[in-house]
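Quick note, the sequences are listed as chains A and R, same order.
In this text, residue positions in the first sequence follow the UniProt record's numbering: the first is 1, and each later residue adds one.
In this text, residue positions in the second sequence follow the UniProt record's numbering: the first is 1, and each later residue adds one.
These aren't lab readings, by the way, just hints derived from the structure by calculation.
C-beta atoms are modelled at their ideal positions from N, C-alpha and C, and glycine is treated no differently.
Be aware that one or more of the hints could be misleading.
To be clear about the criterion: a stretch of chain A counts as covered by chain R if any three or more of its residues have a C-beta under 8 Å from a C-beta of chain R, and this derived list gives those stretches [claimed, not checked]: (1) 11 to 19; (2) 30 to 42; (3) 46 to 60; (4) 64 to 72; (5) 85 to 94.
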Amino acid sequence: MTIWIAIGATAVGCYLVKLLGLLVPAAALERPLVQRLSALLPVALLAALTAQQTFSDQGALALDARGAGLAAAALALVLRAPFLVVVGAAVVATAGVRALGG
Amino acid sequence: MAEQTTSASADIPEDGPRASAPGSPPAPAGKPDSAVVRDALGVGIAVGLSGFAFGVTSAGAGLSVGQTCALSLLVFTGASQFALVGALAAGGNPLTAAAGAFFLGVRNAFYGLRLSQLLRLPGPVRPLAAQWVIDETTAVALAQPSRRAARIGFTVTGLTLYTLWNLSTLAGALGAEALGDTAAWGLDAAGPAVFLALLAPMLRTATERTVAGLAVVLGLGFLPVLPAGVPVLVAALAAPAVLWYEGRRRTTSGKGTDR
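With these hints in hand, go ahead and build the complete structure from the sequences.
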C-alpha cells in the first residue's frame, strides 16, 4: 500500500510541475537564481543517486560488480555510445563480473 | 539523447526561424516535415525502448507489474521513476522517496516554460500536452527551425516515446518476473547507468562538476547514518550550497552563457 502512496504522490507532483511550466507566466520562472538552481538540482540528485545505487547495499556502503558496470557505462559515454549501448554495457559488465565470481 | 537534453534551456526567439540550436548543425528555415518526423522518431524509439530497463529495474526492486506500469503511464519522466524505485528498493520511506523523485521532475517545469513560448499551444490542449513535457520532447522541439516544425517534433516524439516507453516497461517488468533474480543478469546496474547517461552531458562547467562531486560525497557519506531516501535529499543541498558559495565570491563577469 505504501508503494501506491509513493506512486500517487510522485505522479501528481510530477504532472503538476509539468503543467505549471506550460501555464505560468514566463517572468515567474525567469529569475536567474531560479534558473541556475533548477539546472543544478538535477545534477546533484543524479550524481547522488548514481553513487548510491552503485555503491550501497541495504543501507551500507558496498563495492561489488555494479562498480564494474558503472565503469563500463562511463567508458561507453566517453566513446559517445548511444543511450541503449551505455545501459547495455553496464548490464553486461556487471553480469560478467558476477559470472566470474566477483 | 542525453546530449540533446543540454540544449533544452537554450534561449528561444519568440518567432520565426532559428539560426541554429546548440548541439545540432544550423538548420535551414524550410526544414521539410519528413526530416522533422525522422528526427523525432529516432529519439522517440531509442529512448522509448529504454523503458525496458525501467521495467526490469522496477520489478527487480520488488514493485508489481501493475505498479511498474502505473509509474510509466502516470509519472512518465524517466529519472524520477528510476529514483522512486531505487529509493523504495533501498527501504526508503515512501514520502522521502517521492520527494526525491519530485525534485528530479522539477526541471520539467522549466521545459514547459520554454515550450509554451515556442509551441503556443491552445489552452485546452495544454493539460494533455503537459504529460509529454520531458527532456527528450523538449530537446527535439527546441532543435527545430520553426513553430510548425517544433509542434511536429514535440508531438511525434511525445507520441512515439510515450507509446514505446509504456510498452517496453510492461515487457521489462514481465521479463524480469520471468528471469527471477535480476541481479544475476546484471540488470541492477541499469538504473545507475541510466542516471550516469543523463548526468554526463550536464557536467559542462566546473560548477556542475563541483555540485556533482559534493552530492556524491554527501549522498554516500550520510548513507550509513540517515534513513533511506534522506541522504539523497541532503545531497540535493549541494546545488544551493555551491550557488551560495559562488555568489559570495562573484565577480559580476558574465557567467550567463553556461546554461
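Going down the list of hints, with the structure as the test:
1. With 7 residues carrying a beta carbon less than 8 Å from a beta carbon of chain R, the segment 11 to 19 of chain A meets the three-residue requirement, and the given coverage holds.
2. A count of 11 residues in the segment 30 to 42 of chain A with a Cβ less than 8 Å from any Cβ of chain R is obtained; the coverage claim is therefore met, three being the minimum.
3. Look at the segment 46 to 60 of chain A against chain R: 14 of its residues bring a Cβ nearer than 8 Å to a Cβ of that chain, three or more, so the hint holds.
4. For a cut-off of 8 Å, the count of residues in the segment 64 to 72 of chain A with a CB near a CB of chain R stands at 4, and the three-residue condition holds.
5. Taking a C-beta to C-beta cut-off of 8 Å, the segment 85 to 94 of chain A contributes 8 residues in contact with chain R, enough for the three needed, and the coverage statement holds.
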